[in-house]
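**Q** The residues making up each chain are set out below.
There are 2 protein chains.
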Amino acid sequence: MRKIIQPATAAWADLVQRPTKNLEELEPGILETFQLVKEQGDNALLQLAEKYDGVQLQSLLATEEEIAAAESKVPQELKEAILQAYSNIQLFHTQQAEPVKQVETMTGVSCWRKSVAIDKVGLYIPGGTAPLFSTLLMLGVPARIAGCKDVILCTPPAKDGSIHPAILYTASLLGVTRIVKAGGAQAVAAMAFGTESVPAVYKIFGPGNQYVTVAKQLVSKAGVAIDLPAGPSEVLVIADESANPAFVAADLLSQAEHGADSQVVLLTTSESVLEKVEQELNVQLEVLPRKDFAAKALENSLGIVLGSKQEMLDFSNLYAPEHLILSVSDFEELMDGITNAGSVFLGHFSPESAGDYASGTNHTLPTNSYARAYSGVSLDSFVKKITFQYITREGLQNIGQTIETMAEAEGLEAHKNAVSIRLKELNRV
Amino acid sequence: MRKIIQPATAAWADLVQRPTKNLEELEPGILETFQLVKEQGDNALLQLAEKYDGVQLQSLLATEEEIAAAESKVPQELKEAILQAYSNIQLFHTQQAEPVKQVETMTGVSCWRKSVAIDKVGLYIPGGTAPLFSTLLMLGVPARIAGCKDVILCTPPAKDGSIHPAILYTASLLGVTRIVKAGGAQAVAAMAFGTESVPAVYKIFGPGNQYVTVAKQLVSKAGVAIDLPAGPSEVLVIADESANPAFVAADLLSQAEHGADSQVVLLTTSESVLEKVEQELNVQLEVLPRKDFAAKALENSLGIVLGSKQEMLDFSNLYAPEHLILSVSDFEELMDGITNAGSVFLGHFSPESAGDYASGTNHTLPTNSYARAYSGVSLDSFVKKITFQYITREGLQNIGQTIETMAEAEGLEAHKNAVSIRLKELNRV
Numbered sequence: 001m002r003k004i005i006q007p008a009t010a011a012w013a014d015l016v017q018r019p020t021k022n023l024e025e026l027e028p029g030i031l032e033t034f035q036l037v038k039e040q041g042d043n044a045l046l047q048l049a050e051k052y053d054g055v056q057l058q059s060l061l062a063t064e065e066e067i068a069a070a071e072s073k074v075p076q077e078l079k080e081a082i083l084q085a086y087s088n089i090q091l092f093h094t095q096q097a098e099p100v101k102q103v104e105t106m107t108g109v110s111c112w113r114k115s116v117a118i119d120k121v122g123l124y125i126p127g128g129t130a131p132l133f134s135t136l137l138m139l140g141v142p143a144r145i146a147g148c149k150d151v152i153l154c155t156p157p158a159k160d161g162s163i164h165p166a167i168l169y170t171a172s173l174l175g176v177t178r179i180v181k182a183g184g185a186q187a188v189a190a191m192a193f194g195t196e197s198v199p200a201v202y203k204i205f206g207p208g209n210q211y212v213t214v215a216k217q218l219v220s221k222a223g224v225a226i227d228l229p230a231g232p233s234e235v236l237v238i239a240d241e242s243a244n245p246a247f248v249a250a251d252l253l254s255q256a257e258h259g260a261d262s263q264v265v266l267l268t269t270s271e272s273v274l275e276k277v278e279q280e281l282n283v284q285l286e287v288l289p290r291k292d293f294a295a296k297a298l299e300n301s302l303g304i305v306l307g308s309k310q311e312m313l314d315f316s317n318l319y320a321p322e323h324l325i326l327s328v329s330d331f332e333e334l335m336d337g338i339t340n341a342g343s344v345f346l347g348h349f350s351p352e353s354a355g356d357y358a359s360g361t362n363h364t365l366p367t368n369s370y371a372r373a374y375s376g377v378s379l380d381s382f383v384k385k386i387t388f389q390y391i392t393r394e395g396l397q398n399i400g401q402t403i404e405t406m407a408e409a410e411g412l413e414a415h416k417n418a419v420s421i422r423l424k425e426l427n428r429v
Numbered sequence: 430m431r432k433i434i435q436p437a438t439a440a441w442a443d444l445v446q447r448p449t450k451n452l453e454e455l456e457p458g459i460l461e462t463f464q465l466v467k468e469q470g471d472n473a474l475l476q477l478a479e480k481y482d483g484v485q486l487q488s489l490l491a492t493e494e495e496i497a498a499a500e501s502k503v504p505q506e507l508k509e510a511i512l513q514a515y516s517n518i519q520l521f522h523t524q525q526a527e528p529v530k531q532v533e534t535m536t537g538v539s540c541w542r543k544s545v546a547i548d549k550v551g552l553y554i555p556g557g558t559a560p561l562f563s564t565l566l567m568l569g570v571p572a573r574i575a576g577c578k579d580v581i582l583c584t585p586p587a588k589d590g591s592i593h594p595a596i597l598y599t600a601s602l603l604g605v606t607r608i609v610k611a612g613g614a615q616a617v618a619a620m621a622f623g624t625e626s627v628p629a630v631y632k633i634f635g636p637g638n639q640y641v642t643v644a645k646q647l648v649s650k651a652g653v654a655i656d657l658p659a660g661p662s663e664v665l666v667i668a669d670e671s672a673n674p675a676f677v678a679a680d681l682l683s684q685a686e687h688g689a690d691s692q693v694v695l696l697t698t699s700e701s702v703l704e705k706v707e708q709e710l711n712v713q714l715e716v717l718p719r720k721d722f723a724a725k726a727l728e729n730s731l732g733i734v735l736g737s738k739q740e741m742l743d744f745s746n747l748y749a750p751e752h753l754i755l756s757v758s759d760f761e762e763l764m765d766g767i768t769n770a771g772s773v774f775l776g777h778f779s780p781e782s783a784g785d786y787a788s789g790t791n792h793t794l795p796t797n798s799y800a801r802a803y804s805g806v807s808l809d810s811f812v813k814k815i816t817f818q819y820i821t822r823e824g825l826q827n828i829g830q831t832i833e834t835m836a837e838a839e840g841l842e843a844h845k846n847a848v849s850i851r852l853k854e855l856n857r858v
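These protein sequence lines are chains A and B, in that order.
Mapping of the first sequence onto our numbering: position 236 corresponds to residue 236, and the numbering continues sequentially without gaps.
Position in the second sequence counted from 1, then plus 429, gives you our numbering.
For the record, the hints were derived by calculation from the structure and aren't laboratory data.
By construction, the Cβ of each residue, glycine as well, lies at the ideal position given by its N, Cα and C atoms.
Be careful, since some hints might not be right.
To be verified - Which bits of chain A does chain B cover? Going by a derived footprint, with three or more residues having C-beta under 8 Å, they are:
| no. | stretch |
| --- | --- |
| 1 | 294-306 |
| 2 | 361-370 |
Stated by the list, open to error - Selected chain B positions facing chain A (in silico; Cβ < 10 Å):
| no. | residue |
| --- | --- |
| 3 | A675 |
| 4 | K725 |
| 5 | N846 |
Given only the sequences and the hints, what does the whole structure look like? Please build it.
**A** In structure tokens:
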């Protein structure tokens, strides 16, 4: 951990910079994959599963038998945990539904907006040793609340062609429409362009490696929406004298273990807190299974002593962290000043991992300072808000001249005429 | 207008395709402009104003004197119209504010989300003969309701260095922070990267020519958010026997006059309605000042006779029009079936131009079938929704095991430990 004591404000802009990775060199290869999937559909997915996942698949789609068998393979305790998390996420995201509110802006001029599900969505869940069923919950629950008709899951198969039982179990709970054994850029291509087995979707969600990241960027240029621009995960902790250094260290490590490129920042007004947290980091790091990742991430991370609470808040707002933990006694005082953050954890007993799994908030959040302008995934991400308006004869008589005057001033005579021709008819009758 | 009678469903996918334009060839030139602006800041903007706008600017920013002088140059009638539109847009967008709702997902586990303004936003308003003060209202009103601190307006100057008085007047009403005389890709670069006079913003809004479109795409890859992917404007009208052919023709023309690449579609179950609308199009077209644009747009447009109301709805949902007008007597019956559209106009007296200017709904909407997954601009576009959570000691005891079980199953031991270390402390006390 890089320690910085009282950096000058002028140095902050550099301190909040994340390391950038140029992934453009991956684009040509990914565009080739896209072409193959467009031309050969399912057959391309089967070829690429053999090439990249080392498996000859019998079927691209998980079968009902596989899904049914998964249920018995998931330990009871894990099922209960998944159901509890599901319930909490459902409760929180259901409250995000926006009721239709009709507004009469002038007599006879009524406007409202209505949330309508995105018909077809695709969820990508990475493979590997850690089965990210928690991410599947975070995407699948709001998709279900929204009422998306087609919910396609793509996830790479293991070498034996299987998908982790916890993923299949969670997908089945969520009523996912199709479970496709496909990973990488080819999975993104299949969801964006469609194949015989995979319907083309309108929006693609989910994390992934750099191939998936670039593939999502490329399809978004081609008109398929994506959830969020991707970046390494990150946490910023603001700690005062009341903070428990062991808790703070545990929170920093829970972010650091994600990967060597994770970003971890500690802000405090107390050098002694910083020192104690560092000691705890060393102790706790030793026993972690993902110690190598965490140690690498810590090398690039920052421990900064600042002069006041306001400075910590200002620095944090400039950094715009994905996760922000206020390990302070008086979080109520600070929380209203937060302008840029993905998700905020208040007080000493709200660890980030609560939000990662089960408290109810979403864990798909803006990284890389995108929290300055982007929100995390929510029910909003699975709907469009369509506006409606109904104008009565009287309404048009009330608003008509305003429209005519503005259209004329903008030189758009046909816009004006669409009103004038109606007003003429109304005055004639 | 291309007339198609009862096309087979299999042909629909082709009919809803918009002509695509490959703008990639513009990228190298725009990246050069970006580089110039990054290196030379204001000076680059001054050079490029001379090169592209043909003007040697005294000052990049509109002065207080210019802004004050504008007020007297705007006719009283237009001022009143702008104020009426402002009031309606304000009323409708204010209702979009989301109250903070705290949800206790389990005892002691409280979650909520809060809308927080994007600090710095940039609005681009194109120049040319038509001063798009209506677009400035559509972007500036929600920015103001949201509480954005810095609202930067970029718009290209006329050859005499001036900005249209209606733009200055509207910007002043809206409390725009800075009015910058810059257009094209250089304006986008200035707002994305910052110059001496233009603070870098976090999100850029507004329409523009193809240079602006590509520049927005490129800065969005670099982490600056943008409002919506761009495309030519479009309207789809569903008309039954009750429709007034002259009204329908006027609505189609008010879209067609935007430009030669505008998309105009008429769906009806009645060949006779189609014929009467065509006759009206010919009559009304003749007297339009923007006749040439409109005539070109009509050449590419579609008049389709379908077999039933349901077919019209299905086609429209597949097309996903930016604007959808239901020129039918029983719009209540159809409107619940709309799944993809930007903004919907109901009945015979709700012309699209009402929404373009003054009814209160936003006119910055998804084109090019993006309405399948995107919403138009709204108050949401100017805020982030930050989630918060507060977990009490009791709450952590209630939810702790769920988190531990899930973290362990995902192989993320440090995530588990952030909970375990706290539970241990609670049990010790």
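**Q** Taking each numbered hint in turn, which are not upheld by the structure, reported in ascending numerical order?
**A** 1 and 4
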